Amino acid sequence: MGKTITEKILAEKSGRDARAGDVVVCHVDSAMGNDGSTPMALDYFDAMGGGKVFDPARLVFALDHYSPPPSVKTTQLHKRIRDFAAAHAIEVWDVGDGIGHQLMIESGRVTPGSLVVGADSHSVTYGAMNAFGTGIGSSDLAAVMICGRVWLRVPETIRVTLRGSLSRGVFPKDIALAMAGILGADGAAYCALEFSGDGVASLELEDRLVLSNLTVEMGAKNGVFPGDEATAKYLGREFQPISSDRGARYVREIELDLDRVTPKIALPHHVDHVVEVGEAAGTAVQMVYLGTCTGGRVRDFHQARDVIKAGGGVAPGVQLVVTPSSRTVLDTLTRDGTLGDFIAMGAVIVTPGCGSCCGTCGSIPGDNVNVISTANRNFKGRMGNSSASIYLASPASCAAAAVTGKIADPREFPC
Amino acid sequence: MLSGRARVFGDDINTDYIITSRRKRESLDPQVLRNYLFEEVDPAFAATVEPGDLIVAGKNFGCGSAMEVAVTVVLGAGIRAVLARSFSRTYYRNAVNNGLLPLICDTSQIREGDRLEVVDENGLRVRNLTTGETTAAEQVPQIMMEILECGGLVPYFRRHHDFKV
Ligand code: SF4
Chain A
0 MGKTITEKIL AEKSGRDARA GDVVVCHVDS AMGNDGSTPM ALDYFDAMGG
50 GKVFDPARLV FALDHYSPPP SVKTTQLHKR IRDFAAAHAI EVWDVGDGIG
100 HQLMIESGRV TPGSLVVGAD SHSVTYGAMN AFGTGIGSSD LAAVMICGRV
150 WLRVPETIRV TLRGSLSRGV FPKDIALAMA GILGADGAAY CALEFSGDGV
200 ASLELEDRLV LSNLTVEMGA KNGVFPGDEA TAKYLGREFQ PISSDRGARY
250 VREIELDLDR VTPKIALPHH VDHVVEVGEA AGTAVQMVYL GTCTGGRVRD
300 FHQARDVIKA GGGVAPGVQL VVTPSSRTVL DTLTRDGTLG DFIAMGAVIV
350 TPGCGSCCGT CGSIPGDNVN VISTANRNFK GRMGNSSASI YLASPASCAA
400 AAVTGKIADP REFPC
Chain B
0 MLSGRARVFG DDINTDYIIT SRRKRESLDP QVLRNYLFEE VDPAFAATVE
50 PGDLIVAGKN FGCGSAMEVA VTVVLGAGIR AVLARSFSRT YYRNAVNNGL
100 LPLICDTSQI REGDRLEVVD ENGLRVRNLT TGETTAAEQV PQIMMEILEC
150 GGLVPYFRRH HDFKV
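Protein sequences appear in the order of chains A and B. The first sequence lines up with residues 0 to 414 when you count with numbering that gives the first Met the number 0. The second sequence lines up with residues 0 to 164 when you count with numbering that gives the first Met the number 0.
Hints are computed from structural coordinates only; laboratory data are not their basis. Certain hints may be false.
Here are the simulated DSS-like pairs of lysine-lysine, each with C-alpha atoms no more than 25 Å apart in a straight line [to be verified]:
hint, chain 1, residue 1, chain 2, residue 2
1, A, LYS7, A, LYS232
2, B, LYS163, A, LYS7
3, A, LYS78, A, LYS51
4, A, LYS51, B, LYS163
5, A, LYS405, A, LYS308
6, B, LYS58, A, LYS379
7, A, LYS405, A, LYS379
None of the values given here were measured: they were computed from a predicted structure.
The whole structure should be built from the sequences, with the hints applied where relevant.
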């Protein structure tokens, strides 16, 4: 019987047949810990009798959730991570370098066919690179540090077939939100999502990162794309893609016609509470957040900037917060003038990193504030204030809200 | 095998509801954090939890971030098992790795305060002593059972130094 992309990668990395439902122990090609998960991983490492790290070159620590650290305590967490990394020759992405997930992709640590884990749920982002990427816990990370392996249940796969291409004013985030609306917050629980269809070719690698990133909000273990020319273009080289076999088994099939996707928005406080942007139009917002591992890349900022420019600037009373996902993104935005545009618009520019995405640093919303954000989560309290309400939408929809001070359809701003 | 009082929650209880990022920033110590357990969804919970209580939830328990304190804080409050219709996969694996038994079963008939017993009778079962009903739980795969029986990945690794397969 044929295999899915996920089964193929897990078979290769475990040396077993690896069919959906099997539990296998896999070789890990690359592993990432961040400043939220690594301190605990170091405790586990010591408790397990740690000693020497199995292969330091396969590990990296990202200081992204407290960037820059807002307290003495978090500064000390960073110091502990740096000290351990120095003692064991492990690379550290320090404060200001960016979000771990973005850097895993930028640095080339994620390659097609590889098995990459991160002690952070959004490690599913790596699937965009035709890889198996999944989130693990701190104890798992400690085990990887000791033996270079991880136990995994081989997931069943749901195939998502994308057809056609997006219309003007509609963006990858809208596809992801449409999927969340269809599947629900646990519709892909324990499953792999595998993207396929001619619509895949219409998406650049940066676009695919948005989709893979959000698959965990549907409960998915990984969200994998096929490898093609867009993958090769991003990598800057040819590669051997991992493809699913004809006859591979899927537990569910979903088809999405990209031409018919429209701007979507997730209402507070559930990511699967998805409606048309138009249905929420008119709701006043006081904070617009552009950033995170979902919506903090160069393309996202360009899309937002274009809409704000077309709309004539940011409405009074709206705080626009810009948090690039990495130093490289910040650098590109600086060189191409986008950052200057945002500064001229009165935006608050925050150090590359997670910013206020999970309420650990950056600009925290005030009481009862409505936030519209390019992020992936809108739980109550997510951004550090449980009385704030978070709406999730595309960079263009967030920008449309910045222009009008109210939730609005970005297609009303021709650009 | 295990018995205790049911503490019932609904669907989609995310890790931020179990313990907020804000509290986690202040401390990672389960004995400190247990004072804020579930504060977002049930402010009275932390004061009324007793060692041996069992968490009972609907679908998708532990969704959201992969942060492991969401498991250790539950253990810190003396809770040994969570029964849910389904778990987020990261919560499930973190639970196994820390020796917290995650049981997938039909929880719809369990009410707050019911006395429950988890027994192994040709597979794991949940007996509701208050109502007299018994429900079968999903089997836990062998390697996970071995990790659980050791008490989590720490004792497992202290013994084996690697995964034994
Ligand atoms: S940007 Fe937000 S979702 Fe992404 S890793 Fe950071 S905190 Fe998590």
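Hint check results:
| no. | hint | in the structure |
| --- | --- | --- |
| 1 | A:LYS7 with A:LYS232 | holds, 23 Å |
| 2 | B:LYS163 with A:LYS7 | holds, 22 Å |
| 3 | A:LYS78 with A:LYS51 | holds, 20 Å |
| 4 | A:LYS51 with B:LYS163 | holds, 19 Å |
| 5 | A:LYS405 with A:LYS308 | holds, 16 Å |
| 6 | B:LYS58 with A:LYS379 | holds, 18 Å |
| 7 | A:LYS405 with A:LYS379 | holds, 20 Å |
In the structure shown, no violation is registered for any of the earlier numbered hints.
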